[in-house]
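Q: In the order they appear, the protein sequences are chains F and S.
Each residue of the first sequence is one higher than the one before, starting from 1 at the first, in the working numbering.
Each residue of the second sequence is one higher than the one before, starting from 1 at the first, in the working numbering.
BS3-like mimics (lysine-lysine), calculated; alpha carbons at most 27 angstroms apart, straight line: (1) Lys44/F <-> Lys174/S; (2) Lys184/F <-> Lys261/F; (3) Lys84/S <-> Lys72/S; (4) Lys69/F <-> Lys72/S; (5) Lys128/S <-> Lys44/F; (6) Lys119/F <-> Lys261/F.
Calculated Cβ distances over 12 angstroms to all of chain S for the following chain F residues: (7) Met20; (8) Lys102; (9) Met110; (10) Ala117; (11) Asp118; (12) Lys119; (13) Ala120; (14) Lys184; (15) Asn191; (16) Leu192; (17) Ala194; (18) Gly195; (19) Glu196; (20) Asn199; (21) Ala202; (22) Leu262.
Far from chain S, by Cβ distances over 12 angstroms, these chain F residues were calculated: (23) Pro13; (24) Glu14; (25) Lys15; (26) Asn35; (27) Val37; (28) Asp186; (29) Arg187; (30) Asn200; (31) Ala216; (32) Gln252; (33) Glu256.
Read the hints as simulated data drawn from the structure, not as lab findings.
For clarity, every value in this text was computed on a predicted model and none was experimentally measured.
Glycine is no exception: its CB is placed at the ideal position from the N, C-alpha and C atoms.
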Amino acid sequence: MSASIVELMDQLPEKNLTTMLLNGLDFVVPGEWTNIVGFDNMVKAVTRETDPAIIQAVRDRAIVLYSDKSQGYQRAMWIYQTVDQADKALAAAALANKVGDKIPLVGGLMQKVTPNADKAQAIDLCLKLVAEITCFCQINGIPGDSLGDFMKAIADYSGEELMRIATLICVDGLIPLGPDFLQKIDRTLNNLSAGELSNNPAFGRVGEFLPGGNPAGKLAFINRSFSSMQGWMSGFVSARGLTPEKIMDHIQGFVEVSDNKLDYVAAFLDLSTNYYEHTGTQTVARRLIDRAYGEI
Amino acid sequence: MRSKLKPSERKFPNHPMRFQFIYRAIAPVLLASLLFLTACGGNAPVPPPDPNPGANTEVTTPATETAQTPQKGSAFNQFFPADKTEGYDRVFTQEKEGFAEIKLTLNGTEMAKISISDTATNLAARSKFAEAEETVDGFPLVAQGANAHAVLVGDRYQVKVMSRDPSFGPDERKAWLAKVNLQGLASL
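Construct the entire structure; sequences and hints are all you get.
A: Structure representation (structure tokens):
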């Protein structure tokens, strides 16, 4: 974790496959996400300030806070970065094959992609869900004086936070697992052993930050997390009439597929985009700037 | 309960992004998270060690600058204006070492944030109050930039109101500073 939050924000891509994906999913949470790149731009967006002295003071304070590992911001960034399975080589290959503004997911590019089995995909979604809750606590603490206050805070999601959850549901849920993705995940978790979880590659990457102690305890925490969020995710999908086909209609604005190979599209997006890291960087910066602005 | 709709909620008036749904949905897992964090003293498993420790590190000043132990953010929560004050919704948004923050929304629009911070972690924040010409409840008041006003309580705790909407101007900021229990904070 060597880069400061200023560098991480300054180095965010203005346009890549990840931003194309997020823009393509704007219809799910309209207007919530804009791709703010550059730390000073985030300072201006959050504070609405233009005074260079104040912007400098906020930046300096944010750097101090981020540098202190005990504050939790670096840990949250590490989680956001690690939970994403970003394959830069695949992303580069995809862009090299770009014809016009579309990525042709055919031929050689498709051969590089291997769809996840349903079980692996279900575990991947659950791990990202748990990562989100963990990162929220690392970044914001546990706000308020009661559990009610805390849950109002986490339910207050907007902007890049809301876009991240929406993308999770679409790209890691609906597209690879279909409209009954929640039931599939439920069945997978019910039949999953701690040993199988330990052998899962995604768990191998991020499992150490999960609550629960041993793999059995971590599996129990994953189960509780998913059970708690299942109803809300179901409502999120039904309120928007989300279906794999509807999502594909929007994604096909930039990914061209000859057949409706949803499995390949999901795997391609999983390997070539890093929406958790991208939006996570913006979330950490935003919340850090909020705090720095209050403290200067 | 008064309905406060966010932009996405206005397009989906029945969608379950309202906090009541997520309240019921995630209570068990968040309680588990709370227990996990408190049981472990807030220490989640640490990430792998930095392969280049010290590289690109821009600041060495620690967050704690004085011998004063920073107040926990939770100590400040009781002094914020109550929920539904003048019709504003209040959400606790952050609670960290020496810092707590709330958000004020009106009709689904974020209007302002109010923070209380312990300047024991950032002594430089006190200097701007030396030239203060106004007071709130007897405590020095300054404007900071175009969108914030702050008071210093007990020469230590900074209370700041920061506008998030253009309609929430200087008069509103000063008025809401007065709604914070500054005397109570001074006795902390």
